[in-house]
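Peer 1: Chains as they are written, first to last, in the numbering used here: chain A, 213 to 506; chain B, 213 to 506; chain C, 213 to 506; chain P, 213 to 506.
By construction, these hints were calculated from the structure, which means they are not laboratory data. It is possible that some hints are incorrect.
[To be verified] In silico BS3-like links for lysine-lysine, alpha-carbon gap of 25 Å or less: (1) B:Lys407 - P:Lys447; (2) A:Lys449 - C:Lys407; (3) P:Lys316 - A:Lys316; (4) C:Lys343 - C:Lys323; (5) B:Lys453 - C:Lys453.
[As the list claims (entries may be wrong)] DEER-style ranges, computed between Cβ atoms: (6) B:Ala413 - A:Thr438: 35 to 45 Å; (7) B:Arg259 - C:Glu285: 43 to 53 Å; (8) A:Asp460 - P:Asp250: 40 to 50 Å; (9) C:Arg344 - P:Gln322: 12 to 22 Å; (10) C:Glu281 - P:Glu315: 52 to 62 Å; (11) A:Asp460 - P:Leu450: 12 to 22 Å; (12) B:Pro271 - A:Thr438: 49 to 59 Å.
[To be verified] Now the stretches of chain P that chain C is said to cover, found in silico as 3 or more residues with beta-carbon under 8 Å: (13) 314 to 325; (14) 382 to 391; (15) 461 to 469.
All residues carry an ideal CB built from backbone N, CA and C; glycine is no exception.
For reference, the chains in residue letters:
Protein chains: 4
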Amino acid sequence: MMKIGFIGLGNMGVEMAKNLITAGYHLQVYNRSSGKADELEQTAITRCKTPAEAAANVPAVITMLSDDEVVTETVIGTDGILQTLQQGGIHISMSTISPNASEKMAAAHQKAGSKYLASPVFGRPEAAAAKRLWICVSGDKEAKESVQPILEALGQGVIDFGDSIGGANVVKIVGNFMIFASVEMMAEAFTLSEKQGLDRAQVADFFGSTLFNAPIYQNYGKLIATKAYEPVRFKAKLGYKDVSLAFDLAQQSGTPMPIGSALLNRMLTAVAKGWGDRDCVEAFDRGVAEDAGL
Amino acid sequence: MMKIGFIGLGNMGVEMAKNLITAGYHLQVYNRSSGKADELEQTAITRCKTPAEAAANVPAVITMLSDDEVVTETVIGTDGILQTLQQGGIHISMSTISPNASEKMAAAHQKAGSKYLASPVFGRPEAAAAKRLWICVSGDKEAKESVQPILEALGQGVIDFGDSIGGANVVKIVGNFMIFASVEMMAEAFTLSEKQGLDRAQVADFFGSTLFNAPIYQNYGKLIATKAYEPVRFKAKLGYKDVSLAFDLAQQSGTPMPIGSALLNRMLTAVAKGWGDRDCVEAFDRGVAEDAGL
Amino acid sequence: MMKIGFIGLGNMGVEMAKNLITAGYHLQVYNRSSGKADELEQTAITRCKTPAEAAANVPAVITMLSDDEVVTETVIGTDGILQTLQQGGIHISMSTISPNASEKMAAAHQKAGSKYLASPVFGRPEAAAAKRLWICVSGDKEAKESVQPILEALGQGVIDFGDSIGGANVVKIVGNFMIFASVEMMAEAFTLSEKQGLDRAQVADFFGSTLFNAPIYQNYGKLIATKAYEPVRFKAKLGYKDVSLAFDLAQQSGTPMPIGSALLNRMLTAVAKGWGDRDCVEAFDRGVAEDAGL
Amino acid sequence: MMKIGFIGLGNMGVEMAKNLITAGYHLQVYNRSSGKADELEQTAITRCKTPAEAAANVPAVITMLSDDEVVTETVIGTDGILQTLQQGGIHISMSTISPNASEKMAAAHQKAGSKYLASPVFGRPEAAAAKRLWICVSGDKEAKESVQPILEALGQGVIDFGDSIGGANVVKIVGNFMIFASVEMMAEAFTLSEKQGLDRAQVADFFGSTLFNAPIYQNYGKLIATKAYEPVRFKAKLGYKDVSLAFDLAQQSGTPMPIGSALLNRMLTAVAKGWGDRDCVEAFDRGVAEDAGL
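Next up, chain A with everything else stripped away, as it sits in the complex (with noise of 0.2 Å):
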């Protein structure tokens, strides 16, 4: 039975962890509220202080956190995993992150003889439940090929982008622009049909099973088009960061992005409303409906 490190359990780490065990891992784990912990199988894991803790002995350890800096953190911190990592192991990094934050642990890891991937996610929890997200990995070629097995048992497809440092990270951040544009188009689209008298739901439901017959069209369309806000799926303001993220890139690599800065102003007007806790469907269709004066 392979042991490795196991850190972040939010709603998408706690799924991805228990197929780790389903799939025969014994897991190190770590989470800042160590509670979360206690939705798995207590046999198949230990339970550990710190991200050093968690990342001793093992042959590789996985991130599933919120941001940038607590990733960064979490790898160059006083309990950072860099103070344990063996040499030559592997630290799979899977939160939506920029690239940049992974060029430079990347750097801190070669220079501690360790290893760094990137290797961000597309789905929803369910969908890590469920072992159907969609898995992205960019990086060092044998790393790779040594954490597939590991990548494997977490989703239903593994997608390579390449030997660059922080290509997995562009393609997690150009996908979720690709989302939250779907969504404002879909807003603005319901939004001027309601206008024009039709009913919005039998719009979302022709798009959706025509022309966008796509889980994207299909989920987001029907909560757009029946407002459904509720329960919160995904915060604004983690909206928000997202959208810079791309935003980010698009400055830094001199790409006029439209769409782009469309987005970015929908999500900081839903912040600045004080909507940042709220359902990200609910920025995106309530702003668009305020400003037609619905």
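Fit chains B, C and P to the supplied structure of chain A, relying on the hints for placement.
Peer 2: Positioned in the frame of chain A, the structure of chains B, C and P alone reads:
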């Protein structure tokens, strides 16, 4: 064998006419340039010299034309279909036009004792040929029932958007907005990916086979990713017309649409740069690329 | 004493008429609601029941009306000025209208043997009263020379923008765009300053007395900084009309204008939110403030 | 004769240094490239090899540098001014930097027993030479009083924006936003005018001498109208930096700024197109022109 009128043998119309002939209809056809009728089975058509001739002595006449102006002229002009269409005869208006134009024509029809149905379609010429169009319809209930067999002969599904005259036109305009928004969104996403060192085609393929596995994303995604700007499938100046229809609706109904504004600027820029006769995909993708200094 | 026609006694028109009377002209006045003529020196006017009456037997007739539609009706309608304006008579069209409307009217005048001059003005009612308007003019050279004394009686300067029919209309529309852009810009700037803890009024005062020491910035700057939304000076729905004129010109001439798009969205949002009868300054400033959560 | 430190002899700094010398100050100067000091009266300066040297044994030291990073390094670096600035000594920070940077530096100064004042200026090198700068200042009241004579020697007015550390930086950033917005607005307005057949220069001249008779509109208006892109006065890449400062403030404080977004896209496009070292006026005007197909 039922006889109906058919006006407008463009790339779309000619394929639709073929399907009606296959379904057993005899067509009184009219087209501005008469040569287009050569493509049709000659025993199944009667060539007409005016729209009025094409609409004479038939229970229904279809128009498949380019814009508000042409359709309006075809209806109320000197040789227009209102001159001959029989009492209770139905005009099935399948062009992409504004709901305002539909309302004006419906009023003219009502005054003349005939009926008007808005019935725009989704699908390109290949889809029309394969009888795979999606057909939207709105207007008078009895008229819709009466022409149902005709519409079914043209596509894979007929969707009824209610009794309002221009409802189906709105759906068509909204759908085009969503398609164009998707194209712009992919052009931005793939250009950002390229600037960050990724392979555009791999990114397009990944999203088109996972989160965005809908025809729009697969087909346009590939064209955009590989910069397959030729042959010209849909001219940028027609794209500008379609985006303008959405923008005008947005203005009339008081619906600010930030993505709509971005699309209008993109198309206006394309036309101003002299790309009006190039393909829409080029207009969007090259627009993004030039702004990014590529 | 010269007799001329004067049509349109709105807030602007009535002040302009007073100046013409002061300059010695006798006016054949027409206004939709006849009461407005009570403000004028009664011995100096002849009240007319139609535009045609006002234009009869005079060498020149001025129109100062609300928009393209009203001016066009006043010219070519059943009781329009073309019915009576003498051969060689000159229509001085001072409203804020599109160059397209001017061209159509100029053609109708030419056909009727009379002449058309576009001559819109810059300035608010107070400036009109003080004879401090700036008067733009374009069109037929001889006609311009012939009405020069009339125009000089109305403002502090007459600027000739050449022979093209609608040139002066373009200048007026462009000027309004610049004014609205300045208002939006100040609303954004002062709101940002406020959010950063500065005193809006001090910021406005600083810029208005240094880099931006022009009337536009001093007057509007103070109104915006202090949120002096009342009394209503210029309604948001008229602002929307003016911004739309600029936007339409931009579309027709192939000139993407990002600030123009931003202004149109701001005004559309204001009208959609029900602020159409509020002051433009409120529409801009409150729009920025609400988006910022204030 | 008072001795003060002066760091940063760029186009602005060198003119400011001359005015201080004229006012009777002896300057301990430091510049990255020492040649720039040759322009100054040699008997009135002491050349220093580091910022620390320039700040030694003086009651005040001025910095006039390019950005947050350079200023921060100059303060807290190995040879930074904090190494030598005496107890109670005042650092007058006149560069265009973020309020955040000011806050960090103020804290570092406080810890070291010295004081920090934000004091950015408005005006170009010609204005600096003519002692016609406008000088904004914010921060500690006593420190402001104490350096008042120094600031007065540099410009035509000193405006106090209160006690908050970064207030004056915000004013400077907001002012730059207003200047850039004015340039973009004129580029859009004049390009539309040109497309409509008007003479750009006449339009610029009219507005600059009537409604917009402020230096910004007169000076930039002429440059834009005549496409006087050379010599390069202010590089587009610096314009991008300045617009980014405004945009960052807008994000931090939750202030959606549509014109701000338009400016950022314009500058980003200019830099992406390779115009970073061209003049800002070219970046804006050529950007508008190329989008319009000119």
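Peer 1: If a hint holds in the structure, say so; if it doesn't, say that too.
Peer 2: Against the structure, the hints come out as follows:
{"no.": "1", "hint": "B:Lys407 - P:Lys447", "in the structure": "holds, 24 Å"}
{"no.": "2", "hint": "A:Lys449 - C:Lys407", "in the structure": "holds, 19 Å"}
{"no.": "3", "hint": "P:Lys316 - A:Lys316", "in the structure": "holds, 24 Å"}
{"no.": "4", "hint": "C:Lys343 - C:Lys323", "in the structure": "violated, 34 Å"}
{"no.": "5", "hint": "B:Lys453 - C:Lys453", "in the structure": "holds, 22 Å"}
{"no.": "6", "hint": "B:Ala413 - A:Thr438: 35 to 45 Å", "in the structure": "holds, 37 Å"}
{"no.": "7", "hint": "B:Arg259 - C:Glu285: 43 to 53 Å", "in the structure": "holds, 44 Å"}
{"no.": "8", "hint": "A:Asp460 - P:Asp250: 40 to 50 Å", "in the structure": "holds, 42 Å"}
{"no.": "9", "hint": "C:Arg344 - P:Gln322: 12 to 22 Å", "in the structure": "violated, 54 Å"}
{"no.": "10", "hint": "C:Glu281 - P:Glu315: 52 to 62 Å", "in the structure": "holds, 56 Å"}
{"no.": "11", "hint": "A:Asp460 - P:Leu450: 12 to 22 Å", "in the structure": "holds, 20 Å"}
{"no.": "12", "hint": "B:Pro271 - A:Thr438: 49 to 59 Å", "in the structure": "violated, 40 Å"}
{"no.": "13", "hint": "314 to 325", "in the structure": "violated (count 0)"}
{"no.": "14", "hint": "382 to 391", "in the structure": "holds (count 7)"}
{"no.": "15", "hint": "461 to 469", "in the structure": "holds (count 7)"}
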